[in-house]
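S.K.: Okay, here's what each chain looks like letter by letter:
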Amino acid sequence: MATRVDALNDFCAIVTEPIDLGSLAEKVRTGASGAVALFAGVVRDHNRGARVDRLEYEAYAPMAEEEMRAIIGELRRNWALDGVAIVHRTGRLEIGETSVAIAISSAHRREALEACACAIDRVKDTVPIWKKEHGEAGDDWIVGDDSARAGAATILPGANRSARRRDDA
Amino acid sequence: MFVTVKFFASYREMLGEDQLLLDLEDGFTVGDVLDILKDRYPILADQGYMPLTACNLKHVSKRHALEDGDEVAIFPPVSGG
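Those protein sequence lines, which keep their order, are chains Y and P.
With my numbering as the guide, the letters of the first sequence map in order to residues 183 to 351.
With my numbering as the guide, the letters of the second sequence map in order to residues 9 to 89.
Chain Y extracted, bound-state conformation (with noise of 0.2 Å):
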């Protein structure tokens, strides 16, 4: 397994530069992709009612990856993917910027989308990272985060199904 986690077309990287969405879809391309699917998440200018002016974000850089190339090891054992990158940007980000992006490639769209769903809840679950707001309510640290959880729950039983489907076929 841990060879295909570290497989070619797999990356996962803390950065404090711009995160460059269409350089990270290219980088898991390969020729046997029928699709390619991006997310990317956001600094948005409002939380809980209250205007936000920028965040911050820190991580433990070495857990981070750590914990990054166990999720592409998950997401690998569920579905047929051909690539996969996730990338977390650190520092002070302004509204508008992307602080998370995940890119998937896989023969098929369903593997794909399917795989990125999974992959952005459980980097919200388990990889160290947190986030200060900087805004209206004043400077916090956001503690956690519950709708990772509960979209956890709703995507997890898809990814036993592909799985099954695979081993029959």
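Honestly, the hints are just simulated from the structure, not real lab data.
Any given hint might turn out to be false.
[Unchecked claim] Below 30 Å or equal to it, Euclidean Cα-Cα: the simulated DSBU-like pairs (lysine-lysine) are: (1) P:Lys66 / Y:Lys209; (2) P:Lys46 / P:Lys14; (3) P:Lys70 / P:Lys46; (4) P:Lys46 / P:Lys66; (5) P:Lys14 / P:Lys70; (6) P:Lys66 / Y:Lys314; (7) P:Lys66 / P:Lys14; (8) P:Lys14 / Y:Lys209; (9) P:Lys70 / Y:Lys314; (10) Y:Lys314 / P:Lys14.
Being a predicted model, the structure only gives us computed values, none of them experimental.
Given the coordinates of chain Y, work out where chain P should sit on it, guided by the hints.
M.R.: Relative to chain Y, chain P alone:
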């Protein structure tokens, strides 16, 4: 044995430092480290002190037994994305 302890996000800010080195007796666990920190930093006791913990880059429970050279990390629930 020596163990490095790293703090992140709200814990880093609360304690005013991002890491420290602890000299521990053999057999100490991650939970023992949390108790030592609570004694050293009374502010932790006031804050609903329930951090998540990792050892050598992996999530671990409070019962995890430490070894010389381990890197422990203490942080709030994650909020990336």
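S.K.: All the hints need checking, so say for each whether the structure fits it.
M.R.: Each hint, compared with the structure:
1. P:Lys66 / Y:Lys209: It holds: about 28 Å lies between the C-alpha atoms, which stays within 30 Å.
2. P:Lys46 / P:Lys14: holds (15 Å)
3. P:Lys70 / P:Lys46: holds (14 Å)
4. P:Lys46 / P:Lys66: Judged against 30 Å, a Cα distance of about 22 Å means the pair holds.
5. P:Lys14 / P:Lys70: Distance ~15 Å between lysine 14 of chain P and lysine 70 of chain P Cα, so the pair holds.
6. P:Lys66 / Y:Lys314: holds (23 Å)
7. P:Lys66 / P:Lys14: holds (13 Å)
8. P:Lys14 / Y:Lys209: Violated, at about 34 Å.
9. P:Lys70 / Y:Lys314: Holds, at about 26 Å.
10. Y:Lys314 / P:Lys14: Since the Cα atoms of lysine 314 of chain Y and lysine 14 of chain P sit roughly 18 Å apart, the hinted pair holds (cutoff 30 Å).
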